[in-house]
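Engineer: In order, the protein sequences belong to chains X and E.
Counting along the first sequence from 1, when you hit position 183 you're at 183 in the numbering used here, and nothing is skipped either side.
Counting along the second sequence from 1, when you hit position 276 you're at 276 in the numbering used here, and nothing is skipped either side.
It should be emphasised that the hints constitute simulated quantities derived from the structure, not laboratory data.
Each residue gets a CB set at the ideal place from its N, CA and C atoms; glycine is no exception.
Covered stretches of chain E, as calculated for chain X (at least 3 residues, CB under 8 Å): (1) 76-86; (2) 127-136; (3) 235-245; (4) 249-257; (5) 331-342; (6) 357-368.
No farther apart than 25 Å at their CA atoms in a straight line, the calculated lysine-lysine pairs in the DSS-like style are these: (7) X:K19 to X:K36; (8) X:K531 to E:K50; (9) X:K517 to E:K50; (10) E:K117 to X:K531; (11) E:K15 to X:K19; (12) E:K47 to X:K517; (13) X:K22 to E:K15; (14) X:K36 to E:K117; (15) X:K36 to E:K15.
The residues making up each chain are set out below.
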Amino acid sequence: MTTTAAPRRSDAPRTPQGKAGKFLDDRLNMAGPIRKQLNKVFPDHWSFMMGEIALYSFIVLLLSGTYLTFFFDPSMTEVVYHGRYTLLDGIPMSRAYESTLNISFDVRGGLIVRQIHHWAALLFLAAMIVHMFRVFFTGAFRKPRELNWLIGLGLITMGLVEGFAGYSLPDDLLSGTGLRIANAIMLSIPVIGTWVAFLVFGGPFPGTEILGRLYIAHVLLIPALLAALVGAHLALVVRQKHTQFAQHGRTETQVSGERVFPVYAAKAGGFFFIVSGVITAIAGLFQINPIWLFGPYVPSQVSAGSQPDFYIMFLDGSTRLFPSWEIRLWGYTVPAVFWPTVVLPGILFTLAGVYPFLEAKLTKDTAKHHLLQRPRDVPVRTSLGVMAITFYLVLLLSGGNDLIAKAFDISLNAMTWGGRIAMLVLPPLTYLITYRICLGLQRHDREVLEHGVETGIVHVLPSGEFIEVHQPLGPVDSHGHGELEYAGSPVPKRMGQLGAASPLRHVRGFFYPVTEKPEIQAQLDELEAAKYASVSAPASVLDAPAVEASTGGEHSEH
Amino acid sequence: MSSEETSGPSLDELKGMTDEERMLAGTEADDVHVLYREDRFPVRGTKAEKRAERGVALAFLLSAAGGIFFIVAFIAFPYHWHLPGTPQNFRFYTPSLGIGAAVMLIFMGVGMVLWAKWLMPHEEVVQDRHDEPSAAEDLLIIDSTLKVGLEDTGLPRRSLILKSLGLAGGAIATVPLIALVGGMIKNPKDELHYTYWRRNKTLFPDTDGRVPMVYEDWRRVSPGDLQPGGLATVFPGVRNPGFDGKNGVDSGSSPTLLIRLRPGQVVKARKGQANYGWPAENPEYIAFSKICTHAGCPASLYEQQTTRLLCPCHQSQFEVLEDAKPVFGPATRSLPKLPLDVIVENGVQYFVARNDYNEPIGPAYWDRK
Chain X
1 MTTTAAPRRS DAPRTPQGKA GKFLDDRLNM AGPIRKQLNK VFPDHWSFMM
51 GEIALYSFIV LLLSGTYLTF FFDPSMTEVV YHGRYTLLDG IPMSRAYEST
101 LNISFDVRGG LIVRQIHHWA ALLFLAAMIV HMFRVFFTGA FRKPRELNWL
151 IGLGLITMGL VEGFAGYSLP DDLLSGTGLR IANAIMLSIP VIGTWVAFLV
201 FGGPFPGTEI LGRLYIAHVL LIPALLAALV GAHLALVVRQ KHTQFAQHGR
251 TETQVSGERV FPVYAAKAGG FFFIVSGVIT AIAGLFQINP IWLFGPYVPS
301 QVSAGSQPDF YIMFLDGSTR LFPSWEIRLW GYTVPAVFWP TVVLPGILFT
351 LAGVYPFLEA KLTKDTAKHH LLQRPRDVPV RTSLGVMAIT FYLVLLLSGG
401 NDLIAKAFDI SLNAMTWGGR IAMLVLPPLT YLITYRICLG LQRHDREVLE
451 HGVETGIVHV LPSGEFIEVH QPLGPVDSHG HGELEYAGSP VPKRMGQLGA
501 ASPLRHVRGF FYPVTEKPEI QAQLDELEAA KYASVSAPAS VLDAPAVEAS
551 TGGEHSEH
Chain E
1 MSSEETSGPS LDELKGMTDE ERMLAGTEAD DVHVLYREDR FPVRGTKAEK
51 RAERGVALAF LLSAAGGIFF IVAFIAFPYH WHLPGTPQNF RFYTPSLGIG
101 AAVMLIFMGV GMVLWAKWLM PHEEVVQDRH DEPSAAEDLL IIDSTLKVGL
151 EDTGLPRRSL ILKSLGLAGG AIATVPLIAL VGGMIKNPKD ELHYTYWRRN
201 KTLFPDTDGR VPMVYEDWRR VSPGDLQPGG LATVFPGVRN PGFDGKNGVD
251 SGSSPTLLIR LRPGQVVKAR KGQANYGWPA ENPEYIAFSK ICTHAGCPAS
301 LYEQQTTRLL CPCHQSQFEV LEDAKPVFGP ATRSLPKLPL DVIVENGVQY
351 FVARNDYNEP IGPAYWDRK
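Sequences and hints are given; from them, build the entire structure.
Structural biologist: The following block contains the structure:
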């Protein structure tokens, strides 16, 4: 070791981290861009977590799915089972079903990973759907974010296909029944249906090809597409910056919140662990898709109560409700299955896709929007959304109408007819109800702004008249009416929200008083005093704009 | 990328700053304005700070404990499945792993969130959006750059190149599609029109090509097997694989329901199919395709009392006494009826199919005749 000949530059890094940083920056020149990303501001609101949950379940899916590929074999070759689950001993089955049984019974810890994978898939789809509701009802899809709305719609569509492909792989009785119906849906497409079905299945159902093809689609093609779409979705969020709810001090030109490093990163990273932990807890405690109880797929068998996973159930429901209208013309057939399984989802997804453009066109709104709307403030959109959700829920529940009929001892035919009627009657009804509720909430906001918050105090005047005391939220005119404008943000409705009564604040120190050491307490008191001193000094400055505002003179905000 | 920092402090000024001041200078350079920044515990060593620190550390400790529990459970707990009636302690295996891993993950997350909320400085930060459209200069320049670039290629003038390039591009886009789809295409031919019940004189010369009926385990079906009002799922006894690579029992198209009517029950037969049952003149046994004409599930729930067959997938209901006509639900067509006959071999009666179904079974398709 020789000492360095050249004089050491004063700014040369000495710590290992510093050296590593210099090594990277010499090669990548990243100091500026990385700082920009670390300083990026993300807003904080509980409803923004839905998309995060979907993202984190997707990561859990990738990890658990990769694990499963180490043990799963999508082969349709027939084998005879001699594994640990002796109730199926000697039964002929496909290698795919056998390897799924082996994951569940012979691989140590295999069952919980299978269950994590399945539960995470349900959570992935559910979180995406709820996230879509959030984006819809708050108007986050408006310009400039229409593209991300479309990408999100693509994610949900691909998520449905991916989920279906996944639960079809174990080749148990339930998944085989699902594939049988998928085959019938393909056959139902006019003109090309027969060829499509033969192309996908490699012959008549069930054939010997389908599982291998579903497998490569499930583990490579669709996940790659999903990952690309997720990447694009997030890139657009970063590029366009997140929306935020209207609130004091928040404007269209700024985004308020926390910087990525360190606070947001710690919170988001922590939330990833919480989401994956909750999935793991559910997967450990609640059984899902116990394929060993269903048995291997045999084309001649089916079990009662055959339901797909929840995200496919709306299509199962629509198929159950659709009447037996088969069209036969000039020797050709359009089966009844075609309408509820191909045309209906086509219409639904197209409507969802064009909605942002349709709304912009009809409302002649070409402006960019970064502040979110409260659902009550856009009653038509909110009511349309509730109408769509009602329609979806009727279909979803109809997908399990046999189970409902059994549980509540209702006639199955009555359930079907109930679903048919509800599908047509309930959506417009919920539209009207939601519209009224939105108007009511709007009016109540205005009323509170005008008269103040109800205090719960009632006075008896000497005349015997009872009056209710309100706490105004701001300055009042000579009649005691508030002068505050509605600003698109929540209006406090209870005294607790004004800080008048919050029991939680007093929990700390409930069991024993919080006492600090005298010298520390002295420092704390000093800080506290300094804070009040600094607050009281500019208080007059704070008052000034209110006085000036009445004069209507123009003045800068600061 | 550093051009925008020129308005910020100079290098010498930066050198004179503290780390925090430099960090704040950096945020300003990115148009990130820290409106408010406060250390949660400005005085070090308070009880409140220590309590917060201990709380976060406790979460991380619990996380580690969950991980250790997972490892112990993974290695030491019994997981072999055992028949009901024997010790069922393996049932705790998956829940134990789940709880261990969940505690590990959740407390890791809780620790991180509490760390951020309790100990990291409280900040109010706003960032400018810079959402205005691109500068007019940039728009003009990009417009011209694209135009000149296109002009340089000469494509607008050289229509020969444009057209031939379009053809080549089309070919390059199409060939992989053709190669994949072409490899997967399979001509359906008449494979949906027929089933394994089709007469086959090479396989069954003794019965004049009529296909024997068997159960799932290849036992042959006799009239005496069924009680009145009973039903059985039967298959064509074709052992060698046919067009779909399956034999008669495995094939998806051949499952058939054989129903023995109760005395007095009379079937209102379809036109021309009155003699499809057995005995032909006054049928006691009738057979229908089990594959639902709606979406292809096996329509296998038979209610003896109402003589209805129910498909559990979409609740189509078929009235057996009306020749399996759909009476409720989304199915449109009756279940196809199999023409039955009985032969006698070695003094025992066995069912055979006189012929294939006279129409395609299962879900409908475009060119279904």
